[in-house]
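Q: Each chain is listed here by its residues.
Protein chains: 6
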Amino acid sequence: MQKSQIHSTIDWDKPGKQHGHLYIPYSYNLAGWANLMVPVTMLKNGAGPTALVLAGNHGDEYPGQVAILRLARELTPDNIRGRVILIPCLTIPASKAMTRLSPLDGKNFNRVFPGNASGTVSEMLAHFLTTVLFPLADIVIDIHTGGRSMDFVPCATMHLVDDLAQRRKMIEGTEAWNSDIAFMYADVAGTGLLPVEAERQGKIVITTEMGGGEIVTPAVHRLTQNGLRNVLVHFGVLRGDKAPRPKPVRWVQALDREDYRFAPESGIYENLIECGSGVATGQTVGLIHFLERPDREPVAVTANAAGIVIATRGPSLVTQGDCVACIAHDVPAEVLG
Amino acid sequence: MQKSQIHSTIDWDKPGKQHGHLYIPYSYNLAGWANLMVPVTMLKNGAGPTALVLAGNHGDEYPGQVAILRLARELTPDNIRGRVILIPCLTIPASKAMTRLSPLDGKNFNRVFPGNASGTVSEMLAHFLTTVLFPLADIVIDIHTGGRSMDFVPCATMHLVDDLAQRRKMIEGTEAWNSDIAFMYADVAGTGLLPVEAERQGKIVITTEMGGGEIVTPAVHRLTQNGLRNVLVHFGVLRGDKAPRPKPVRWVQALDREDYRFAPESGIYENLIECGSGVATGQTVGLIHFLERPDREPVAVTANAAGIVIATRGPSLVTQGDCVACIAHDVPAEVLG
Amino acid sequence: MQKSQIHSTIDWDKPGKQHGHLYIPYSYNLAGWANLMVPVTMLKNGAGPTALVLAGNHGDEYPGQVAILRLARELTPDNIRGRVILIPCLTIPASKAMTRLSPLDGKNFNRVFPGNASGTVSEMLAHFLTTVLFPLADIVIDIHTGGRSMDFVPCATMHLVDDLAQRRKMIEGTEAWNSDIAFMYADVAGTGLLPVEAERQGKIVITTEMGGGEIVTPAVHRLTQNGLRNVLVHFGVLRGDKAPRPKPVRWVQALDREDYRFAPESGIYENLIECGSGVATGQTVGLIHFLERPDREPVAVTANAAGIVIATRGPSLVTQGDCVACIAHDVPAEVLG
Amino acid sequence: MQKSQIHSTIDWDKPGKQHGHLYIPYSYNLAGWANLMVPVTMLKNGAGPTALVLAGNHGDEYPGQVAILRLARELTPDNIRGRVILIPCLTIPASKAMTRLSPLDGKNFNRVFPGNASGTVSEMLAHFLTTVLFPLADIVIDIHTGGRSMDFVPCATMHLVDDLAQRRKMIEGTEAWNSDIAFMYADVAGTGLLPVEAERQGKIVITTEMGGGEIVTPAVHRLTQNGLRNVLVHFGVLRGDKAPRPKPVRWVQALDREDYRFAPESGIYENLIECGSGVATGQTVGLIHFLERPDREPVAVTANAAGIVIATRGPSLVTQGDCVACIAHDVPAEVLG
Amino acid sequence: MQKSQIHSTIDWDKPGKQHGHLYIPYSYNLAGWANLMVPVTMLKNGAGPTALVLAGNHGDEYPGQVAILRLARELTPDNIRGRVILIPCLTIPASKAMTRLSPLDGKNFNRVFPGNASGTVSEMLAHFLTTVLFPLADIVIDIHTGGRSMDFVPCATMHLVDDLAQRRKMIEGTEAWNSDIAFMYADVAGTGLLPVEAERQGKIVITTEMGGGEIVTPAVHRLTQNGLRNVLVHFGVLRGDKAPRPKPVRWVQALDREDYRFAPESGIYENLIECGSGVATGQTVGLIHFLERPDREPVAVTANAAGIVIATRGPSLVTQGDCVACIAHDVPAEVLG
Amino acid sequence: MQKSQIHSTIDWDKPGKQHGHLYIPYSYNLAGWANLMVPVTMLKNGAGPTALVLAGNHGDEYPGQVAILRLARELTPDNIRGRVILIPCLTIPASKAMTRLSPLDGKNFNRVFPGNASGTVSEMLAHFLTTVLFPLADIVIDIHTGGRSMDFVPCATMHLVDDLAQRRKMIEGTEAWNSDIAFMYADVAGTGLLPVEAERQGKIVITTEMGGGEIVTPAVHRLTQNGLRNVLVHFGVLRGDKAPRPKPVRWVQALDREDYRFAPESGIYENLIECGSGVATGQTVGLIHFLERPDREPVAVTANAAGIVIATRGPSLVTQGDCVACIAHDVPAEVLG
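Protein chains in written order, with our numbering: chain A, 2 to 338; chain B, 2 to 338; chain C, 2 to 338; chain D, 2 to 338; chain E, 2 to 338; chain F, 2 to 338.
Rather than coming from a laboratory, the hints here were simulated on the basis of the structure.
Note that the structure is predicted; figures quoted are calculated from it, not measured.
There's no promise every hint is true.
Since the list can't tell identical chains apart, any single copy or any two copies may satisfy a pair.
[Stated by the list, open to error] As a list, the in silico EDC-like pairs of lysine to aspartate or glutamate whose alpha-carbon atoms are at most 16 Å apart:
1. Lys97 <-> Glu293
2. Lys248 <-> Glu198
3. Lys18 <-> Glu75
Build the full structure now, drawing on both the sequences and the hints.
A: Here you go:
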């Protein structure tokens, strides 16, 4: 495979704590020889597994960025057994611009894997993860939220991987996040996801949807920060006692394309179902209103099947085709093993 | 005063129900002789007061727009005693663009009163309200939320007007919204507000902050829609029985400049206090983190005084000087009369 | 009145031919001490009236700009009796950007009269016309088209001024353009027009709508260039023989607000009536189609009254409130005198 | 070949009439799990050929979009023999933005064939046409106009395909549009065209240039709508009687690079030749004027050879290298067979 | 005069050192209750004059911003006799955007004096300077450079004020900057300048043009920082010994409109005269080249009169009307007194 | 290799002087059938080598564009021995927009080699150079500057090629530019450079960094123009006498990644070292100041090793990762041979 052009100031084998950067070369109109500098903090102390902890895959998802910035500042090598690599923000230009996609290349970072050593900035970084960082790791944690566009019941999430041993470890790790709900999802919208590449390499991959919308409540910050620490304790990378679950987990999944409800027309969306509530088959989950024509009947969006509304539209304004609701269903016991 | 250039297709004296528009003349590059058409629905039935019901003062505040669109479609003249004038959206170009300010003239509609008959589109419409619609009205209701930029404890709100009779009616109307909290606010950020002009004309003015952020929960939609109907019933414009308060109102106020806490530096804001919770003097309400420098200590924002956090910052990204928290205090009994 | 800050390199009293500029001082980010340079060509030869010939009032109206550029290059002092002042383009930044409004200040130049000596670039130039150029002139010619946004039956146009002597000269001048149709118009969309200020100063004001849309046919260029020359011959400023009318003029007017038909909803407009054709009362002049909903019935726009369609919408895409048709009616004989 | 990620709600084998959509998955900053929804209407009734009818290949070409929206609403299965698949707009984001290229990916849809299943939105849709829709079709109709940038003599058009049987059917189908002129064109500007891929699959491909500029006259709408119906009748897909040609067709072609005349310098273009008129070799077809320098001689553009001007520049403002005229020549009889 | 809405956290009478801010209230789409926070540092120690030191009047002029940031950090009250008020950047949004004009309101801050208490952000700040800060000051120092658009011989500058006592003190202060050249300038481009208002209030006003272009050399930083300190020492506000002039000052002026040379046409400007060199009357100072037409003769710009070129155009690309050279002349001895 | 779609109007074999263009086909929203026209001037006279002379690789680097425009106008075939192909600007849309990257496709032209016949405009032109123009040439000259973003000691530059004969000729040609310093550089920021492809084809490649920043002094214009002529004389393409070096050349190189110093944090950069001066190991070369926090200590950038500062940052505003200094070292004698 082609060699990465990215330069790292971190020595991956050195014990102790390092703050450093990945330097991704690029040009823009105000700097011909520039580097996008991606902060990395690494702590290493003795033998043990390696956890790679990531956030800011999408720029407008901040709870994970804050959680990792806190860990990067607060942890000392004494807290660690093995190695933890912390990257608070993968798509820095998007985080600075409050956008999902990178303003540098217009890419959705979670659709460019396995990446390209001579591609755009996003593709170069994906390639670096694929060829350098994933091979170093045993556990890969990628912290998402619904971002600006979707609200989510705060939950840890995972793919249904085929390898049963890998699946078992991922289920246990997901449950260690201590969210009330755990969500098993399918990729209904494209390919090239970060977790798919990490799973392909056999890693234990833990992801999340820590709420959504631009507002982050203190409760969501706490769940993100505590959950992350607990998962690291669970896997033995962070020393300390594992926090017990406050209540038993409920596993749900949305694997059918029809579980994702899309706006049939552009307008102002009125959400009728609280995120996390149940719906019956055919129930109206929302209405689209038309500002230019107050006399026009609103258009209804209905549930395809009974279940729990795991996610709803963020902004009230919708464009035809935007996802306005995701309806999840209990995971059959046999899947969980 | 100068005559308005705005043309209305509504006959303000005609009984029954009319859907019509205000035509505000303007030019843009794709239409030389264009009108911004502002939808108005009017219902009139016999003697009684006139209520002017407004939303979309700021484009990115949708609960009131939805509530009025529903009323405009659902009400019939039989439901009315007197007259109700419904304008679901005052700043349509901003609502279509999901912005607070009008993209047509860059104006904050709530800072341009009393308006200007030959000014920009926002100024022309403010002038029309000042000279045509406010004089028709007894009650003026202007439904706000925190918009994209702020989260609010959902509450009905009012100014502390000097005229005691006017104040008493406004307090009663505000309480009729049935929000748990009612908020008395001062204008710490500029002049030219819509309610100030309506109050100057002696109207009973009821305003709200129906939550905030881009996500609108069904609970907030319900509070907006039910509260609005209840206020109209309270004033006798809408027929029906007044809904009793679910619990006694708590009146709070934020009249001191220091009650409004601003970001001391640009960065990623982590909100530490749940909207609606109490804080102690000097307590840290939030932290500002720095993505370029994970090693740098975050900067704390603290409470100036004990109270209840009535509003918090919406997006995690803050620019120096953005309001990140508003701390309110119980209103002295003598103010409420 | 305040003194203009605009500097002119033309000597208004000097015989012969001069190419010069008006220098309007302004700053932009790439030049702190800049001038918008507006080209002016002047020819003077002996005694006679002064004609001020203008185009580019709106930047996206090119036939007049081309006609005046040709005259400015081709005329010699021998062709003149008196004085002709030629300004091919009043709003140069808009002409360069293909827009109606000036990109420098967002102004519609035809709404800023009488102007302001210390205002924006458009206001400063309007003030210069009001205080320097109109007083020099006997005849003011301002060549318009429908621009990008409207199509027009190519016609010379005028306001119905009250002064009967002035009106008579304007009617004769308008007819000298030799367009088949002459159009008497009212100002239904705002104040501050260039011709209104020139008329107020008692000038003979001739305007036009030389077709529209972005495409300019050779026939429209010829009508613009020949008509302009013929009007100048008619008033004795240009030497030569006056061209006879190819056919008798038809005078029409659209003085009622309802003559202007606006799009009731945003969508794709299908124009059903050829510009220049007759319509009956209530006839459908166009349909608005909805791309997101091919099953939805189109919305019809109808004629308020019988007449001739003097202008139709340019682009197929319409926003609610855009003018889609203007219906004109024969001018009563007594008005024409 | 790679499987398309596009989901269709149409059952291609089901008799009767269906309104549905193609769902093209994509992300944008306001919606992470969005679909571009492309409306499709299908009618099927018994045995017979399949016609695939397309418009909005370029977003700013509206006559075909309107014609197909009308057919989609008006047709019933009784009108059909075989199957007709109607897509009123291939590049919806461009149609909504009044642009030629898609604002989503900057692509010219008519340059991305055969497409890419994991490419941009335009590439994914081209791939779906190539792998799913073209194989279903016998006849492919793609309705173009000159869009905003060019004016055309309204005409049906085709490529000179090598297969003589295919060519014969295409000539007959092209003539069935009943435009006065039929135009045989070469691809002088790039590769990746929609018709080339359809022709490669052996389909009968009929295209058009239904005028141009942003203004669409009722005559052009009628020619588009009547021509389209007549072609469908000609091929037996639509029941009814074929309309006879109003006058014999004139076949012209522009196969030489020099038939396309480009602006030698940026400026204001004055078109001197009416679209559809003849020109002599060396004749001046237009002049470029310079607004900053009224004294400078205009630059002439001349005809390379005698012929008919089949297309001219739309906007008056030209950038160096823009096509300002296309000169066509009679097709030799032997080509037509 | 109207009361300012700007809130200051500085106590103007308190001895010692304070870092604080001016809070200018405004709204933008991401923050409804925001303040533009303008940093101010004040040092006060005993009796003595007050110096108000300003930079960032234009956002793209950085040497003064850096010099004041250094002083604000480095100075202690012991260094001071009297009071010094330091504002490193007046137009912060422009400094962050690298622009001359404020991106918040499009204003040139140096054209909005005396300001407006209820105007835009720039106007509100100008009003605060006019009504609060200038009255506190004896000496007003406003540090400019040519910004992005012009290069300057680094020099201290002043207006030729009428009051001879004021003029004398300003001449002495200007000379204390120790630049080789001192420049006396006239306002040929508009009104509303900061120094004019300060001079009107009788203040000793010292300004500069510390080079220009985006590159700031260490020599220019040193001249700015040392000159500023020396002027403060000269007026007794800063303790220490005054640095002697390295060589005698040369006073020049450009008071005639023709001293400012403007680009006669848009193109690529080739500067032929080194900034600071002499020119003869009629000498070519630059050439404008045309990229689209390498065969076209360049257009020359010539000197109106003999003198020294005190400033030249920054970027090579010029738009018609941009200033490309400023030619200065020795100041007559009698003016200097 | 795929055939280029670019059409050239130059006959590469014809003696004499030709002005012509390369036509690169593309579409944009205002022109469907457009060509980017790249000016080329060719002079040919008898036997001799071919020099290909290029500038405007990056749009914001003007000295080479001016030098070649002058040569293109001034040279006659008599001046030539062999052939010279002059392209004043490779990236015309960037030159017109004052940007480094092409606004048409966002590409850095110096990173797209060897190009792509069916790619974007930049890629198509790179492919044309690779497949058509480089094969015609013996000497390839590509004139750069630091552009807007970097300042450079004006110098001729080259890569250290492996082929010793090629290297020797390149050293001699580089020295013939008569700059005081000659710079041997490594490609630390990406691949796909123009000179790398030309060198791969065995050409003698001469490049430059003729200063930088937006201001171009007359001295830099002279060095560019005289150096270019002297190199052409040196290789025998231009007739005339070779100018002797004004002083002996100093050869420096920056081949280590650490020679390039990047901004560790965003802020206002104060450059402390004059371009061309020496620095010691660990010396502070610049400071980053923080406008929002005048009390915060600036962050220092230090020299990794002793050397000469060959280049410094252009604009004062820096984003984390921008190059702020490049430190060069004397080239070992054995490298120069």
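Q: All hints are to be evaluated individually against the structure, with a verdict given for each.
A: Status of each hint after checking the structure:
| no. | hint | verdict |
| --- | --- | --- |
| 1 | Lys97 <-> Glu293 | between (35 Å within a copy, 10 Å between copies) |
| 2 | Lys248 <-> Glu198 | neither (32 Å within a copy, 54 Å between copies) |
| 3 | Lys18 <-> Glu75 | within (11 Å within a copy, 34 Å between copies) |
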